[in-house]
Amino acid sequence: MQIDRFVEKDVVITAVRGRLDSSTSPKLDEFMAVIPDGSSVLLLDFAELTYISSAGLRVVLKAAKLAKGSGVTLAICGLIPPVHEVFDVSGFSTLIPIHPNRDAALATLG
Amino acid sequence: MIIAQLDLRLENDLAELEPLVRALDFFCETSALPEKVAHRLTMAVDELINNAVDYGYPDHRAGEITVSLRHRGTQVEIELADDGDAFDPFTAPAPDLTSPIEDRRIGGLGVHLIRTLAASFAYRRDGDRNVVTLAFTLDI
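In the order they appear, the protein sequences are chains P and H.
Going by this note's numbering, 12 is the number at position 12 of the first sequence; the sequence numbering is gapless.
Going by this note's numbering, 33 is the number at position 33 of the second sequence; the sequence numbering is gapless.
These are calculated hints, taken from the structure and not from any lab test.
Just so you know, not all the hints are guaranteed correct.
Here are some of the chain H residues that sit facing chain P, going by a computed Cβ distance under 7 Å [unchecked claim]:
1. Glu29
2. Ser31
3. Leu33
4. Asn50
5. Glu64
6. Asp103
7. Leu109
8. Gly110
DSBU-like cross-link-like pairs, simulated, lysine-lysine; straight-line CA separation at most 30 Å [as the list claims (entries may be wrong)]:
9. P/Lys9 with H/Lys36
10. P/Lys68 with P/Lys9
11. P/Lys65 with H/Lys36
12. P/Lys9 with P/Lys27
13. P/Lys62 with P/Lys9
14. P/Lys27 with P/Lys62
15. P/Lys27 with H/Lys36
Just so it is clear, CB atoms sit at the ideal spot from N, CA and C, and this is done for glycine as well.
Just chain P, with the same shape it has in the complex (with noise of 0.2 Å):
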């Protein structure tokens, strides 16, 4: 799993590669665990996470937790449909925003 973060205005944006299971999800939660200062909105791209189990969701539910506390929207993009899948059966997609794109979240979020 490959973790990389760039700011766009205060989009706060984490793009994860690759696989979110219970050995790679420590480093992503450790990764949410600080809200950046200044930042309005967090976007977790996951148009490369080709991959996720119970491990990930509970670490994206925390970041949606702690984010929500602190007055900041979290919102995803970019899931792949088995990835999609997994957050409708989960409850996550009327919890988080989900949005097709970067782009598409972008234009609704910044």
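With chain P fixed as given, assemble chain H onto it according to the hints.
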């Protein structure tokens, strides 16, 4: 090429997951499984092995987990067996899927995903082994 059957024998150690995932990827790719099916069955095996390793051996004894996959008609059947303490994963309570974000309970989603996405699932205790059988439909 279709690999008719894949049989793997693992130690009860999460370090075994990486080679296991490579073997599952190989099975799914050579059989040209639809990507959703490949993700569903990899996720199911991943969740069940994590549970077995984390909770089945509280005394940290060495154990053995076997995984076998086979094509049967329009399904892939999976059997996972471990020699951990007796535990039926499908007795886990249903997770919270509806509370607002601040109240949503974290966890409990792994077994829920398997229950929802598998065509069938079953547990039996066979001697000193937990045996879980799953089937996934190919034509989704």
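Hints, verified against the model:
no. : hint                 : verdict
1   : Glu29                : 12 Å, violated
2   : Ser31                : 16 Å, violated
3   : Leu33                : 11 Å, violated
4   : Asn50                : 5 Å, holds
5   : Glu64                : 20 Å, violated
6   : Asp103               : 9 Å, violated
7   : Leu109               : 4 Å, holds
8   : Gly110               : 4 Å, holds
9   : P/Lys9 with H/Lys36  : 35 Å, violated
10  : P/Lys68 with P/Lys9  : 20 Å, holds
11  : P/Lys65 with H/Lys36 : 28 Å, holds
12  : P/Lys9 with P/Lys27  : 25 Å, holds
13  : P/Lys62 with P/Lys9  : 24 Å, holds
14  : P/Lys27 with P/Lys62 : 13 Å, holds
15  : P/Lys27 with H/Lys36 : 25 Å, holds
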